[in-house]
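When you get a sec, could you build the whole thing from the sequences and use the hints?
Numbering (mature numbering (1 follows the signal peptide of the UniProt record, and there is no 0)) for the sequence shown: -21 to -1, 1 to 110.
The hints are simulated quantities; they were obtained by calculation from the structure and are not laboratory data.
Please read all numbers here as calculations on a predicted model, not as lab measurements.
Glycine residues also receive a C-beta, built at the ideal position from the N, C-alpha and C atoms.
Don't take every hint at face value.
Claimed, not checked - Listed next, the in silico SDA-like pairs over lysine to any residue satisfying Cα-Cα at most 25 Å (straight line):
1) K56 to I99
2) K56 to T32
3) K56 to E13
4) K16 to I70
5) K56 to L39
6) K16 to I80
7) K56 to V20
8) K56 to S76
9) K56 to L37
10) K16 to H61
11) K16 to I99
12) K56 to E95
13) K16 to L78
14) K56 to Y10
15) K16 to Q60
16) K16 to L49
17) K16 to E95
18) K56 to N21
19) K16 to A62
20) K16 to A68
21) K16 to Q50
22) K56 to K16
23) K16 to G48
24) K56 to R9
25) K16 to R40
26) K16 to L39
27) K16 to V53
28) K56 to S46
29) K56 to A19
30) K56 to Q23
31) K56 to L22
32) K16 to D59
33) K16 to P47
34) K16 to S76
35) K56 to I70
36) K16 to L37
To be verified - The calculated label-pair distances, taken between Cβ atoms and stated as ranges, are:
37) R31 to G77: 31 to 39 Å
38) E95 to G15: 30 to 38 Å
39) E13 to E95: 30 to 38 Å
40) G30 to I80: 21 to 29 Å
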Amino acid sequence: MEKPELWGVLALLLLCSYTCGSQDLQVLVRYQREDGKVHAVNLQQAGLADGRTHTALLRLRGPSRPSPGLQLYVDCKLGDQHAGLPALAPIPPAEVSGLEIRTGQKAYLRMQGFVESMKIILGGSMARVGA
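Written out as structure tokens, the structure is:
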């Protein structure tokens, strides 16, 4: 059975502000692999914990390929990236509305910071994300 080709690029565009004294904020991305297990990717060098507002872009390249890549851009600069990740589980088009995204910063057992706006873009190219 052929997998549905749901997207070419998955991008999550966030306008966010985190107010934390720590400068080593990390971005943790969890997703379901093809084998049904959860995979976690820890992106370092986020540069979000300075109390200022930032635009962050989380880009998943080639999710339908055998080894996708994940990139984190902060204020249009590449902060961190991982390549050769385990393949994602296919998402049937009917279940796209059920995607769950959680945001926030965990510090001292409570979430800090806020997301001002968020866009999820499925398919297309990076040029489409900026539009």
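Going through the hints against the structure:
1. Between K56 and I99 the alpha-carbon distance is near 19 Å, which keeps this suggested pair within the 25 Å criterion.
2. Note on K56 and T32: the hinted pairing holds, with a Cα-Cα distance of about 15 Å set against a maximum of 25 Å.
3. As the CA atoms of K56 and E13 are separated by approximately 30 Å, the hinted pair breaks the 25 Å bound.
4. As the CA atoms of K16 and I70 are separated by approximately 14 Å, the hinted pair is consistent with the 25 Å bound.
5. For the suggested pair K56 and L39, the alpha carbons sit about 16 Å apart, so the restraint of at most 25 Å is met.
6. Between the alpha carbons of K16 and I80 the distance comes to roughly 18 Å, so the proposed pair stays at or under 25 Å and holds.
7. The straight-line distance between the Cα atoms of K56 and V20 is roughly 19 Å, inside the 25 Å bound, and the hint therefore holds.
8. Distance hint between K56 and S76 is unfulfilled; the C-alpha atoms sit about 30 Å from each other, more than 25 Å.
9. For the proposed pair K56 and L37, the alpha carbon gap of about 12 Å is at most 25 Å, so the pair holds.
10. With a CA separation close to 19 Å, the supplied pair K16 and H61 stays within the 25 Å bound.
11. About 23 Å separates the Cα atoms of K16 and I99, which keeps this hinted pair within 25 Å; it holds.
12. About 20 Å separates the Cα atoms of K56 and E95, which keeps this hinted pair within 25 Å; it holds.
13. This hinted pair checks out: K16 and L78 have alpha carbons roughly 16 Å apart, not beyond 25 Å.
14. For a cut-off of 25 Å, the pair hint linking K56 to Y10 stands: about 24 Å separates their Cα positions.
15. For the hint pairing K16 with Q60, the CA-to-CA distance comes to about 21 Å; that is within 25 Å, so the pair holds.
16. Taken as a hint, the K16 and L49 pair is honoured in the structure, with Cα atoms around 18 Å apart against an allowance of 25 Å.
17. Taken as a hint, the K16 and E95 pair is broken in the structure, with Cα atoms around 31 Å apart against an allowance of 25 Å.
18. For the hint linking K56 to N21, the alpha-carbon distance of about 18 Å falls within 25 Å, and the restraint holds.
19. For the hint linking K16 to A62, the alpha-carbon distance of about 19 Å falls within 25 Å, and the restraint holds.
20. For the hint pairing K16 with A68, the CA-to-CA distance comes to about 9 Å; that is within 25 Å, so the pair holds.
21. In summary, the hint linking K16 to Q50 is supported, as the alpha carbons are separated by about 21 Å, within the 25 Å threshold.
22. Between K56 and K16, the direct Cα distance comes to roughly 31 Å. Violation of the 25 Å bound is thereby established for this hinted pair.
23. The hinted pair formed by K16 and G48 meets the criterion: a straight-line CA distance of about 18 Å does not exceed 25 Å.
24. Our distance criterion of 25 Å between C-alpha atoms is met by K56 and R9, whose separation comes to about 22 Å.
25. For the given pair, K16 sits about 20 Å from R40 by alpha-carbon distance, which is consistent with the 25 Å threshold.
26. The hinted pair formed by K16 and L39 meets the criterion: a straight-line CA distance of about 18 Å does not exceed 25 Å.
27. Under the criterion of a C-alpha separation no larger than 25 Å, the hint pairing K16 with V53 is inconsistent with the structure, at around 29 Å.
28. Restraint check for K56 and S46: satisfied, since their Cα atoms lie roughly 23 Å apart, inside the 25 Å limit.
29. A hinted pair counts as satisfied when its Cα atoms are at most 25 Å apart, and K56 with A19 qualifies at roughly 23 Å.
30. The straight-line distance between the Cα atoms of K56 and Q23 is roughly 13 Å, inside the 25 Å bound, and the hint therefore holds.
31. Proximity of K56 to L22 is assessed by CA-CA distance (about 14 Å); at most 25 Å being required, the pair is judged to hold.
32. For the suggested pair K16 and D59, the alpha carbons sit about 24 Å apart, so the restraint of at most 25 Å is met.
33. With a C-alpha separation of about 16 Å, the suggested pair K16 and P47 falls inside the 25 Å cut-off, and the hint holds.
34. A threshold of 25 Å between alpha carbons decides the hint, and for K16 with S76 the separation of about 21 Å falls inside it, so the pair holds.
35. A distance of roughly 29 Å separates the Cα atoms of K56 and I70; the hinted pair therefore is violated under the 25 Å criterion.
36. Between K16 and L37 the alpha-carbon distance is near 21 Å, which keeps this suggested pair within the 25 Å criterion.
37. Checked against the given bound of 31 to 39 Å, the beta carbons of R31 and G77, roughly 33 Å apart, stay inside it.
38. The given range of 30 to 38 Å is respected by E95 and G15, whose C-beta atoms sit roughly 35 Å from each other.
39. Restraint check, E13 to E95: a C-beta distance of roughly 34 Å satisfies the suggested window 30 to 38 Å.
40. Against the hinted window of 21 to 29 Å, the Cβ-Cβ separation of G30 and I80 comes to about 23 Å, which satisfies the hint.
Checked against the numbered hints given earlier, this structure breaks hints 3, 8, 17, 22, 27 and 35; the rest are met.
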